[in-house]
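S.K.: Spelled out from the first residue to the last, the chains are:
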Amino acid sequence: MNRELLKKELLNDIEIALEKVKEITPLVYHLTNTVTINDCANITLAIGASPLMSFCIEELEEIIGFSSSVVLNIGTMDKSMRDMIVEVGKIANRLKKPIVLDPVGVGATKARKELIERILKEVKVSVIKGNMAEIKSILNIESQSRGVDSLDNESSGIEIVKLAAKKLKTTIAITGKIDYVGNEEMVVEIRNGHKKMGLVTGTGCMISSLIGSFLGGDNSSLISSVAGVLAMGIAGELSEKDFIGTGSLKVNIIDNISKLNNDIIRLNEKITPTI
Amino acid sequence: MNRELLKKELLNDIEIALEKVKEITPLVYHLTNTVTINDCANITLAIGASPLMSFCIEELEEIIGFSSSVVLNIGTMDKSMRDMIVEVGKIANRLKKPIVLDPVGVGATKARKELIERILKEVKVSVIKGNMAEIKSILNIESQSRGVDSLDNESSGIEIVKLAAKKLKTTIAITGKIDYVGNEEMVVEIRNGHKKMGLVTGTGCMISSLIGSFLGGDNSSLISSVAGVLAMGIAGELSEKDFIGTGSLKVNIIDNISKLNNDIIRLNEKITPTI
Amino acid sequence: MNRELLKKELLNDIEIALEKVKEITPLVYHLTNTVTINDCANITLAIGASPLMSFCIEELEEIIGFSSSVVLNIGTMDKSMRDMIVEVGKIANRLKKPIVLDPVGVGATKARKELIERILKEVKVSVIKGNMAEIKSILNIESQSRGVDSLDNESSGIEIVKLAAKKLKTTIAITGKIDYVGNEEMVVEIRNGHKKMGLVTGTGCMISSLIGSFLGGDNSSLISSVAGVLAMGIAGELSEKDFIGTGSLKVNIIDNISKLNNDIIRLNEKITPTI
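Line by line, the protein sequences are chains D, F and A.
Counting in the working numbering, the first sequence tops out at residue 630, every number present.
Counting in the working numbering, the second sequence tops out at residue 630, every number present.
Counting in the working numbering, the third sequence tops out at residue 630, every number present.
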């Protein structure tokens, strides 16, 4: 299939995905960090889904039972979360609910590395969303990339996604100046977004909530990941046009997610799929 | 008393209630969830009261001692909260501080149901604030209402409040498209608010903080509950007039609570008391 | 040195301090409360630093290792925090990372008093930031000040800072209608700020994050404390000029911190140093 046709189909799938979220209003269970938990809840509502947060393991069989998808984010990684996160993942697997995993800071400490390894060993996740350093850490290739910039350029972004997708048997979303989202078959480059988004805490966490919302809307891992990353990229870009400061930037990002529709996506998308 | 006279007195009491909060600046202790804890603090300040949060049982005798009221919200229900919430309620009872209970999601899981039953068995609460499903769950009538819409119409809202108030010996605030707030003697219908408020996480939790603020301002359970629900309804309605997106909607709701005064209440209230 | 020359040098140092933060983007580890943790993260980003939050003691040796400074805030003081805060402080001391301590509500309960005493006994902190009641409580002089207003006037603000700095061997930042920041040698009065800032939860916590950001930018304890308190004072004052309500006030404060530059500081500062 030529690239233009591929892109046309992809955009069509993203349109359907957004419509499905707004129609179904999926419940998205989050086990997430305390820094951005409120923003994750609000972005989930903004896209048209419904957030659910609980730290009570005794009720998670029921809660995941009526949820449509699960977001696991190890951000603040307190003891309560570490004790229950693998169990939560296993429940979601048993109940066949798709999981998006946000391995925040996985390369930064041994405890994070071990936790993510434990999760990936015992739990099947549908999507892993991280920055380049996090995905490389999971692949144990961070050391090789030191001082060698080749792995950070465009072609290597695609390469790393394919490598990670193959090794981990999941869809991979790598966010950065350029985002790379895909699986073994296809990788989508997304050139939306704006560097000022990094001045708001939680834009990364919010992307995971958006991916979780699309997953809960009964969309494929690939389309959910592309749609989630693209939605935040467009919202960030549009918000930057009215930039006053970083406080209102966050408010504007949530506003723009809540206003997102297929016309806005068509008008602003900068995606390039590669097979 | 005819309905017009009743409403006149009610509005008068609400006016006095708001003035008392602003004059006294009551301290409102919250044991609440981590998703909306910041919004609860800010809405408490916005109405003119002062929020206090602590998860340290060792200091709660002192903290509740100098607080004027207590908000219990089981939203995220982590182990630490479950371990201390009944004890917190007992301390408040012993120190004669009014409690508003927000039984978030009580019908959704066994653990929530058991926790609320444990609280209601051991603690005397002044107000229970929930949506129709939560209040029905507490009354164990959720099954009967399945498929029978009669309990969801207007007359049944009033009926459920009276039933719950009688059975639980508290004031009941049921929020929804139409809010029903009252006790065995009187129920007030409130037709303020806007459905877009559901797109912001925590508007329900913030209502409980407002009720707690009015309770702390030395107002009756009935007036506090009507004033709290009405304040949020008016703020939501006014905010919706300037709707841009769901991020700014939250900011506007807090702004409108902070600007609320008796003229705005008079101009916007849509309340109907029934004896 | 005369006061004018002193002030000129001080402003020069503050300018350099802000430039250093923006150049270095220091990582600022926070062990803080759950009410304002998101605001602390966003204000840290707004000034040009980078926030790090973790409640996992197993990783804190590493995290503090690559952080530039540490913020300890006992706000919600849950068990997990109480168990680890002294250990965190000792790690920071061993790794020679400056600490700013925010002893929230220390005079209000025995548990807070004991925790702060334990921290101050075992940990060397660079800055203590509190309101007058908190600093007096640490000095055990709260009882003497009851009914005697002399300790609350201007000259006593300076006096209390010097007393506390001498006794505790730290820089002291006392925030209030007038802020007093200094050490045994110099105290700086700051008359920026606006009382409406008290209607937003977390402005105090955010000041500690700002001080932590300046400390992490390799600035002295004195300059970091003056710069942090002054930055928030100016941001609050500028935000108040566009006051609509307390929700947008918070957003505006973060916006104004993110826009802060040396011209804005020069134009708005109301500082008076005293030796």
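No lab work stands behind these hints: they were computed from the structure.
Among the hints, a few may not be true.
You can't tell identical chains apart in this list, so a pair holds if it fits in one copy or across any two.
What the hints assert, rightly or not - Derived pair list, reagent style PhoX-like, types lysine-lysine, alpha-carbon separation capped at 20 Å:
1) 434 <-> 625
2) 596 <-> 614
3) 479 <-> 468
4) 517 <-> 550
5) 362 <-> 517
6) 532 <-> 550
7) 551 <-> 468
S.K.: Now tell me if each hint is right for this structure.
M.R.: Results of checking the hints against the structure:
1. 434 <-> 625: Classified as neither: same-chain Cα gap 41 Å, cross-chain 45 Å, threshold 20 Å.
2. 596 <-> 614: both (15 Å within a copy, 16 Å between copies)
3. 479 <-> 468: Within one copy only: 17 Å inside a chain, 31 Å across chains, cut-off 20 Å.
4. 517 <-> 550: Intra 25 Å, inter 44 Å, cutoff 20 Å: neither.
5. 362 <-> 517: This pair counts as within: shortest intra-copy Cα distance 19 Å, inter-copy 59 Å.
6. 532 <-> 550: For residue 532 and residue 550, the Cα distance is within 20 Å only inside one copy (7 Å; across copies 37 Å).
7. 551 <-> 468: neither (28 Å within a copy, 41 Å between copies)
Hints 1, 4 and 7 from the list above are not met by this structure, while the remaining hints are.
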